Amino acid sequence: MTLIAYLTFLSIIINLLTFIMLMVKGLETSFERKFFIFNFALLCWQFEEFLLRISVSIDVISQVDFYLSFFWIFLGIFLLDSIYEAKLLIIKHFFWIRILFYSISMFCFVTYISFPSPRLFLESKTFGLVLGFREGSLDIIMRFWIAFVVIICLCIIAYALVANVVNFRKLRLFFIGLLIPSIYGAVFQVYFPYVYGYEIPGATILLSFFSLLSLIIFKDNFMFINFSNDNFNSLIDKINSIVFVFDKQGSIYHGNSSFKTCYPDIESIYSFQEGSNFLNSIAEFMGEGDEWDRTTMDKEMLISEERIGNEYFQFMCYPIHDENVIRGVVVFGLNVTKFVQARNSVVKSFKNFKRLNEIPNSYFLEIDVTTKRVVFNDRFLHRFMLFNKSQYSYLELVLYLKKLIVKEDLMLIIALFRMDIDSVFERASKKIILEFQTPSVYFVFEISFKKFDPHVISNNHLIYLSDITDSSVELLKNDWVDKSTPWIVSHVFRKPVANIIGLMNIVNSEQGIFESRLSSKEIFSLINSEIKDLDSKIEIFSERNSDG
Amino acid sequence: MNTEIILIDDDPVSILLSKFLLEKSFDSKEMVTITSFTRPKEGLNHIKDLLNNKVAGNRLKVLLDINMPVINGWEFLDLLNKYDPEKKIRVIMHSSSINQSDISKALAYSRVDCYICKPMENEKVIRVVNHFVKAVSVNYTNKFESN
Numbered sequence: 001m002t003l004i005a006y007l008t009f010l011s012i013i014i015n016l017l018t019f020i021m022l023m024v025k026g027l028e029t030s031f032e033r034k035f036f037i038f039n040f041a042l043l044c045w046q047f048e049e050f051l052l053r054i055s056v057s058i059d060v061i062s063q064v065d066f067y068l069s070f071f072w073i074f075l076g077i078f079l080l081d082s083i084y085e086a087k088l089l090i091i092k093h094f095f096w097i098r099i100l101f102y103s104i105s106m107f108c109f110v111t112y113i114s115f116p117s118p119r120l121f122l123e124s125k126t127f128g129l130v131l132g133f134r135e136g137s138l139d140i141i142m143r144f145w146i147a148f149v150v151i152i153c154l155c156i157i158a159y160a161l162v163a164n165v166v167n168f169r170k171l172r173l174f175f176i177g178l179l180i181p182s183i184y185g186a187v188f189q190v191y192f193p194y195v196y197g198y199e200i201p202g203a204t205i206l207l208s209f210f211s212l213l214s215l216i217i218f219k220d221n222f223m224f225i226n227f228s229n230d231n232f233n234s235l236i237d238k239i240n241s242i243v244f245v246f247d248k249q250g251s252i253y254h255g256n257s258s259f260k261t262c263y264p265d266i267e268s269i270y271s272f273q274e275g276s277n278f279l280n281s282i283a284e285f286m287g288e289g290d291e292w293d294r295t296t297m298d299k300e301m302l303i304s305e306e307r308i309g310n311e312y313f314q315f316m317c318y319p320i321h322d323e324n325v326i327r328g329v330v331v332f333g334l335n336v337t338k339f340v341q342a343r344n345s346v347v348k349s350f351k352n353f354k355r356l357n358e359i360p361n362s363y364f365l366e367i368d369v370t371t372k373r374v375v376f377n378d379r380f381l382h383r384f385m386l387f388n389k390s391q392y393s394y395l396e397l398v399l400y401l402k403k404l405i406v407k408e409d410l411m412l413i414i415a416l417f418r419m420d421i422d423s424v425f426e427r428a429s430k431k432i433i434l435e436f437q438t439p440s441v442y443f444v445f446e447i448s449f450k451k452f453d454p455h456v457i458s459n460n461h462l463i464y465l466s467d468i469t470d471s472s473v474e475l476l477k478n479d480w481v482d483k484s485t486p487w488i489v490s491h492v493f494r495k496p497v498a499n500i501i502g503l504m505n506i507v508n509s510e511q512g513i514f515e516s517r518l519s520s521k522e523i524f525s526l527i528n529s530e531i532k533d534l535d536s537k538i539e540i541f542s543e544r545n546s547d548g
Numbered sequence: 001m002n003t004e005i006i007l008i009d010d011d012p013v014s015i016l017l018s019k020f021l022l023e024k025s026f027d028s029k030e031m032v033t034i035t036s037f038t039r040p041k042e043g044l045n046h047i048k049d050l051l052n053n054k055v056a057g058n059r060l061k062v063l064l065d066i067n068m069p070v071i072n073g074w075e076f077l078d079l080l081n082k083y084d085p086e087k088k089i090r091v092i093m094h095s096s097s098i099n100q101s102d103i104s105k106a107l108a109y110s111r112v113d114c115y116i117c118k119p120m121e122n123e124k125v126i127r128v129v130n131h132f133v134k135a136v137s138v139n140y141t142n143k144f145e146s147n
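Which chain is which? The protein sequence lines are Z and E, in order. In terms of my numbering, the first sequence opens at residue 1 and continues consecutively. In terms of my numbering, the second sequence opens at residue 1 and continues consecutively.
Derived by calculation from the structure, the hints in this document are not laboratory data. From a predicted model like this one, the values you see are computed outputs, not experimental measurements. Be aware that one or more of the hints could be misleading.
[Said to hold, decoys possible] 35 Å max Cα-Cα, derived DSBU-like pairs, lysine-lysine: (1) E/48 <-> E/24; (2) E/54 <-> Z/402; (3) Z/521 <-> E/48; (4) Z/521 <-> Z/431; (5) Z/25 <-> E/87; (6) Z/532 <-> E/54; (7) Z/402 <-> Z/477; (8) E/105 <-> Z/477; (9) E/82 <-> Z/532; (10) E/19 <-> E/124; (11) E/105 <-> Z/389; (12) E/87 <-> Z/402; (13) E/82 <-> E/54; (14) E/19 <-> E/82; (15) E/24 <-> Z/403; (16) Z/537 <-> E/105; (17) Z/92 <-> Z/260; (18) Z/338 <-> Z/389; (19) E/24 <-> Z/402; (20) E/54 <-> Z/483; (21) Z/389 <-> E/54; (22) Z/407 <-> E/82; (23) E/124 <-> Z/407; (24) E/88 <-> Z/537; (25) E/87 <-> Z/477; (26) Z/238 <-> Z/338; (27) Z/338 <-> E/48; (28) Z/260 <-> Z/348; (29) Z/403 <-> E/87; (30) E/87 <-> Z/483.
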């Protein structure tokens with residue numbers, strides 16, 4: 001075998017390799033399917049070329065040429081279809097243009113197979129057998145037609161490169177990969193047959209390299225090519241928010257005008273000087289081989305807050321997935337500067353509000369609904385030393401309260417934690433009274449619930465707790481009306497009387513007033529309050545008796 | 001030996017009177033501290049802290065009211081047994097009640113040395129001082145000091 005025979009064989013191996021890679025990928029996109037057909041046509045052509053290089057009879061080659069070689073007629077049109085599927089150029093009414101191109105190719109095909117004369121095979125000193133013409137057929141016109149279609153393909157890629165419609169750095173390589181076999185083919189497959197009547201082999205070898213190169217170039221990029229058409233770009237350029245798309249390597253495939261304003265001349269997300277907080281959040285799906293649950297992946301979104309210059313953005317990162325495999329991310333960055341300013345203002349006001357409202361016996365406690373914890377502030381902890389931790393999980397708090405409050409109150413607390421706690425905070429009027437009683441502790445708290453906007457504070461629930469122990473004790477003091485009359489006389493009526501007598505003893509002695517370090521006015525004021533106390537108790541007592 | 005008299009009474013006027021009369025009854029030489037609590041639980045916690053700090057129980061004397069909210073004088077006495085089971089802390093009941101059943105009940109407690117009716121007066125103060133501080137023996141058979 002000659003060197004050219006080995007090279008042809010190698011090109012067949014390369015093409016088969018391309019086939020295998022495409023099959024492994026699964027032919028899921030239109031580009032892949034069209035590219036598969038293109039490679040099949042190329043393989044047929046290569047097969048015939050290979051037969052010419054080895055010692056096979058002319059009759060066999062003629063048969064193969066007659067039944068198989070017509071595929072080369074469609075080679076150009078399949079290539080054009082593949083490149084068009086890469087969305088490098090969007091043309092209106094492309095369907096009709098495609099019909100036109102296919103019609104011309106079909107016309108060539110019909111004339112080719114309907115012409116009965118066999119192809120001429122010429123003997124070359126360098127290459128051995130080479131293909132000549134089929135006398136009288138449209139053979140040479142078909143070659144010009146294919147050359148024309150390939151030039152259109154090159155023009156589309158060149159347009160994408162010049163107009164920068166796609167931020168796809170390997171597109172230049174793709175262009176060169178096609179340009180080389182195209183020039184070779186134009187010279188040795190079109191010009192030579194036209195001038196000398198026979199073609200020089202070798203174009204299939206170059207095309208097989210181009211085929212493999214294309215597959216490698218587009219391996220991970222079919223998804224992103226689709227983001228690069230004019231319609232899409234013009235649409236997202238009108239959005240007054242940052243929009244950009246990047247692949248798993250972090251290469252940015254498209255950024256709209258807002259993106260280019262914020263990040264001029266940046267091609268990778270890892271080159272961002274500002275606004276890169278989202279890198280932390282997307283890390284979880286930027287790893288290799290990540291698979292997402294199909295049922296939830298459409299809902300997944302990661303949010304980060306970014307500051308770029310003096311403006312604030314909320315980045316929402318949506319993974320782009322091909323089946324279950326994540327290919328990259330599309331990011332929408334909303335300008336939330338005004339919102340952040342308003343939020344800061346509210347938070348500042350809220351802090352002031354908390355500071356100003358540090359009124360005696362009133363405390364704000366936070367409930368972190370995300371971590372299910374109750375957070376006690378320092379002021380509360382300092383006042384009520386029975387709580388010795390600044391944070392309690394729901395379970396810890398319930399276990400701790402078990403020894404402080406009665407069973408009914410404990411069940412109420414458990415019910416609050418077990419039910420959707422959000423609904424408790426939604427009810428602005430919801431209040432509970434908790435009585436903490438142990439041999440050494442007695443406190444009564446009134447607890448109300450306040451829900452805050454989650455955008456204002458992260459721990460978005462607050463408990464407003466008032467220490468009402470004193471007022472509760474006062475109520476208990478008046479809880480005497482149901483006692484027996486002797487008890488009331490001894491403990492209720494006689495108490496102010498005894499105080500009045502005691503105070504009068506002081507008043508009756510000038511030395512007593514002096515030693516008491518009280519003025520006579522203050523003592524009389526105390527006597528007066530005791531008399532009023534007695535009077536009110538008598539009134540309550542008489543009302544009870546009249547009711548009875 | 002320093003003695004601490006602890007007044008437990010929810011009525012501030014009663015505490016004011018008792019404190020005033022007790023303070024003026026002591027000589028300046030006598031090492032007596034008078035503390036008062038309107039919430040019995042706070043008084044109990046105070047006693048507990050003192051005992052935990054190794055203060056001898058017999059140096060603590062309590063002047064205790066009966067009718068108080070949350071925990072009354074009887075409950076206070078029961079709770080005090082937890083911290084001082086040996087009953088070294090002595091108590092004088094000091095109530096407005098002249099009900100014989102209250103007096104009998106008070107004197108039934110072995111910790112209670114005496115029952116004094118309100119209001120606190122000079123003669124009663126002398127008895128309290130003599131009993132608590134000057135360790136004058138008390139006639140336990142007639143612990144009730146009538147009004």
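Status of each hint after checking the structure:
Distance check on the hinted pair: residue 48 of chain E and residue 24 of chain E sit about 28 Å apart at the alpha-carbon level, within 35 Å; holds. Between residue 54 of chain E and residue 402 of chain Z the CA atoms are separated by roughly 31 Å; this keeps the pair inside 35 Å, and the hint holds. Simply put, residue 521 of chain Z and residue 48 of chain E have alpha-carbon atoms about 39 Å apart, too far for the 35 Å limit, and the pair is violated. Using a Cα cut-off of 35 Å, the hinted pair residue 521 of chain Z and residue 431 of chain Z is violated, with the two alpha carbons roughly 43 Å apart.
A threshold of 35 Å between alpha carbons decides the hint, and for residue 25 of chain Z with residue 87 of chain E the separation of about 90 Å lies outside it, so the pair is violated. Simply put, residue 532 of chain Z and residue 54 of chain E have alpha-carbon atoms about 45 Å apart, too far for the 35 Å limit, and the pair is violated. A distance of roughly 27 Å separates the Cα atoms of residue 402 of chain Z and residue 477 of chain Z; the hinted pair therefore holds under the 35 Å criterion. The hinted pair formed by residue 105 of chain E and residue 477 of chain Z meets the criterion: a straight-line CA distance of about 22 Å does not exceed 35 Å.
The hinted pair formed by residue 82 of chain E and residue 532 of chain Z fails the criterion: a straight-line CA distance of about 39 Å is larger than 35 Å. Distance hint between residue 19 of chain E and residue 124 of chain E is fulfilled; the C-alpha atoms sit about 13 Å from each other, no more than 35 Å. Taking the CA atoms of residue 105 of chain E and residue 389 of chain Z, the gap is near 43 Å; set against the 35 Å cutoff, the hint is violated. Proposed proximity of residue 87 of chain E and residue 402 of chain Z is supported: the alpha carbons are some 31 Å apart, at most 35 Å.
For the hint linking residue 82 of chain E to residue 54 of chain E, the alpha-carbon distance of about 16 Å falls within 35 Å, and the restraint holds. Among the hinted pairs, residue 19 of chain E with residue 82 of chain E is consistent with the structure: their alpha-carbon atoms are about 27 Å apart, no more than 35 Å. Note on residue 24 of chain E and residue 403 of chain Z: the hinted pairing is violated, with a Cα-Cα distance of about 43 Å set against a maximum of 35 Å. Only pairs whose Cα atoms come within 35 Å are accepted, and residue 537 of chain Z paired with residue 105 of chain E is accepted, the gap being roughly 26 Å.
Annotation: proposed proximity of residue 92 of chain Z to residue 260 of chain Z holds, straight-line Cα distance about 28 Å (limit 35 Å). In summary, the hint linking residue 338 of chain Z to residue 389 of chain Z is not supported, as the alpha carbons are separated by about 38 Å, beyond the 35 Å threshold. Between the alpha carbons of residue 24 of chain E and residue 402 of chain Z the distance comes to roughly 47 Å, so the proposed pair goes past 35 Å and is violated. A threshold of 35 Å between alpha carbons decides the hint, and for residue 54 of chain E with residue 483 of chain Z the separation of about 41 Å lies outside it, so the pair is violated.
Distance restraint check for residue 389 of chain Z and residue 54 of chain E: the Cα-Cα separation of roughly 28 Å lies within the 35 Å cut-off, and the hinted pair is therefore satisfied. Taken as a hint, the residue 407 of chain Z and residue 82 of chain E pair is honoured in the structure, with Cα atoms around 24 Å apart against an allowance of 35 Å. For a cut-off of 35 Å, the pair hint linking residue 124 of chain E to residue 407 of chain Z is broken: about 45 Å separates their Cα positions. Between the alpha carbons of residue 88 of chain E and residue 537 of chain Z the distance comes to roughly 38 Å, so the proposed pair goes past 35 Å and is violated.
This hinted pair checks out: residue 87 of chain E and residue 477 of chain Z have alpha carbons roughly 29 Å apart, not beyond 35 Å. Distance hint between residue 238 of chain Z and residue 338 of chain Z is fulfilled; the C-alpha atoms sit about 21 Å from each other, no more than 35 Å. Between the alpha carbons of residue 338 of chain Z and residue 48 of chain E the distance comes to roughly 58 Å, so the proposed pair goes past 35 Å and is violated. Only pairs whose Cα atoms come within 35 Å are accepted, and residue 260 of chain Z paired with residue 348 of chain Z is accepted, the gap being roughly 34 Å.
A distance of roughly 27 Å separates the Cα atoms of residue 403 of chain Z and residue 87 of chain E; the hinted pair therefore holds under the 35 Å criterion. With a C-alpha separation of about 31 Å, the suggested pairing of residue 87 of chain E with residue 483 of chain Z holds against the 35 Å cut-off.
Comparing the model with each earlier hint shows violations of hints 3, 4, 5, 6, 9, 11, 15, 18, 19, 20, 23, 24, 27; every other hint is respected.
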